[in-house]
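Work out the full structure, taking the sequences as your base and the hints as a guide.
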Amino acid sequence: MKTFRVVSQLVRSRIISMLKEGSRIDDRGLLDYRPIDVKCGLISRANGSAQVSIGSTKVLAGVKVGIGEPFSDVPDQGVLAVNAELVPLASPAFEPGPPDETAIELARIIDRTLRETKTIDLKSLCIEPGRRVFVIFLDIYVLDHDGNFIDASALASILALLNTRIRKFSIDEGELRYEEEYVPLPVLHTPVTITLAKPDDGPFIVDPNLEEELSLDNRVCISVDELGRICAIQKLDGSLSVDEVFEVVSIACKTAPKLIEIVRRESGLDAGS
Amino acid sequence: MSSEFVRPDGRLPDQLRPIKMAVGVLDRADGSAYVEQGNTKVIVAVYGPRELHPRHKASPEAAVVRCRYHMAPFSTRERKSPNPSRREVELSKVIKDALSQTIFLERFPRTSIDVFIEVLEADGGTRCASINACSLALANAGIPIRDLISAVAVGKYNGHIILDLNDEEDEAAEADMPVAIMPSFNKVVLLQLNGVLTEEEFKQAFDLAVKGCMEINRIQRETLRSRYLSIKGEENEDV
Numbered sequence: 001m002k003t004f005r006v007v008s009q010l011v012r013s014r015i016i017s018m019l020k021e022g023s024r025i026d027d028r029g030l031l032d033y034r035p036i037d038v039k040c041g042l043i044s045r046a047n048g049s050a051q052v053s054i055g056s057t058k059v060l061a062g063v064k065v066g067i068g069e070p071f072s073d074v075p076d077q078g079v080l081a082v083n084a085e086l087v088p089l090a091s092p093a094f095e096p097g098p099p100d101e102t103a104i105e106l107a108r109i110i111d112r113t114l115r116e117t118k119t120i121d122l123k124s125l126c127i128e129p130g131r132r133v134f135v136i137f138l139d140i141y142v143l144d145h146d147g148n149f150i151d152a153s154a155l156a157s158i159l160a161l162l163n164t165r166i167r168k169f170s171i172d173e174g175e176l177r178y179e180e181e182y183v184p185l186p187v188l189h190t191p192v193t194i195t196l197a198k199p200d201d202g203p204f205i206v207d208p209n210l211e212e213e214l215s216l217d218n219r220v221c222i223s224v225d226e227l228g229r230i231c232a233i234q235k236l237d238g239s240l241s242v243d244e245v246f247e248v249v250s251i252a253c254k255t256a257p258k259l260i261e262i263v264r265r266e267s268g269l270d271a272g273s
Numbered sequence: 001m002s003s004e005f006v007r008p009d010g011r012l013p014d015q016l017r018p019i020k021m022a023v024g025v026l027d028r029a030d031g032s033a034y035v036e037q038g039n040t041k042v043i044v045a046v047y048g049p050r051e052l053h054p055r056h057k058a059s060p061e062a063a064v065v066r067c068r069y070h071m072a073p074f075s076t077r078e079r080k081s082p083n084p085s086r087r088e089v090e091l092s093k094v095i096k097d098a099l100s101q102t103i104f105l106e107r108f109p110r111t112s113i114d115v116f117i118e119v120l121e122a123d124g125g126t127r128c129a130s131i132n133a134c135s136l137a138l139a140n141a142g143i144p145i146r147d148l149i150s151a152v153a154v155g156k157y158n159g160h161i162i163l164d165l166n167d168e169e170d171e172a173a174e175a176d177m178p179v180a181i182m183p184s185f186n187k188v189v190l191l192q193l194n195g196v197l198t199e200e201e202f203k204q205a206f207d208l209a210v211k212g213c214m215e216i217n218r219i220q221r222e223t224l225r226s227r228y229l230s231i232k233g234e235e236n237e238d239v
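Quick note, the sequences are listed as chains A and B, same order.
The first sequence: position 199 = 199 (this note's numbering), numbered continuously.
The second sequence: position 59 = 59 (this note's numbering), numbered continuously.
If you are wondering where the hints come from, they were derived from the structure by calculation, not from laboratory data.
Every clue listed holds true.
Quick list of in silico lysine-lysine cross-link-like pairs, DSS-like style, CA-CA up to 25 Å:
| no. | chain 1 | residue 1 | chain 2 | residue 2 |
| --- | --- | --- | --- | --- |
| 1 | B | K203 | A | K118 |
| 2 | A | K168 | A | K118 |
| 3 | A | K254 | B | K203 |
| 4 | A | K168 | A | K64 |
Below you can see the structure in the form of structure tokens.
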């Protein structure tokens, strides 16, 4: 039977005792990700899309671009709206209905990561200050949950944004004119998110699979961009000691370049250089 | 950090706002507390451990903590709709996760401990003030806890790492990082970062947050001590 809500005490204690010896239940190194697979532009009706698998965890992110009103405190900027759905087909533990606290937390972690790094140049997406701007809807669909959907969602999100094409436009005396040509969304940075977990008495691992996630009491995620800046942190389950906080930040900063390399390669950012 | 840097409200970078705390402020609740940090005002009530409905949500192994962080419509500059926003849902969750670490939940299987937070006035640091008030309210309810959780936000404002941001600073800040700890166990039970910091700045900010939490913890303990010493004093007078 596949794991979903609980793990047996036997599996749990096995996972923890193996970690203390420095090994993992699926033979990975403590700081290794499962194989990461990326497919960009699967959804032709979307302005941009990407599907990311980390092991058998699968997340699809889609971007739709519309026109709407700006926020009153930033009238000259486009709007980024991030939403996440833990759809019931992804796990028997997910139920239909409006996003629950876990889905909202996921969306807000991704939102903060993108917003605080100013990953999208929202200023360039203003049509008429205070009245009309482009709205970037980023929708995250968790399709198969085998642990660590946060990192998979972060990868799918940045790849979907890099995959997004919008009609080239010009603004002529407040009038919006579209041209035939499609251009990429102005994406300036490539932040990624790293989730770490640890048993109360044992080492940290990255990319916990579902069995590990359910067995390990403490979990935290950290977003880092290509400049090595820390741009979001969220303690998830359990607690960390003060020293462990510094340790997780240091592990995240060391791990991020590997994920960023995947993003740059898959999105063709490295092709020109 | 330059020691000459003075903040918009005249504070030094590592200075907390004036704090007022009180416990047992509500009559009906099993435990309650009121906390002011600067202009931020928060009131918290705790009910329980009590029977949990619907029953299938109960755990046979431990009490379930339910938490509602809510902002009053008049607490913000623009009226806030009383419907729960996504921000409030997220904060309710992270506060619940933090409180679950300190309560001896395993002593009350099949029950719920319900924590209701109302932000009466929001001037930055509302989740931290809420956590500080929740700790006091849990203690006031007589619910066994491992430690009094203390929380404070740190941030980066105009290039300076500062403690306990108010709303004006928060809005202009490059980063805002709320931290909650259980001081006796050296455990971090809430950690969020909203903004951009280098690894070096993060270390500096986090150390400052721990210092701030220690100071708040001292005030929380003082608040409880004076409350219960005064009750004891009254009883003695009656005798």
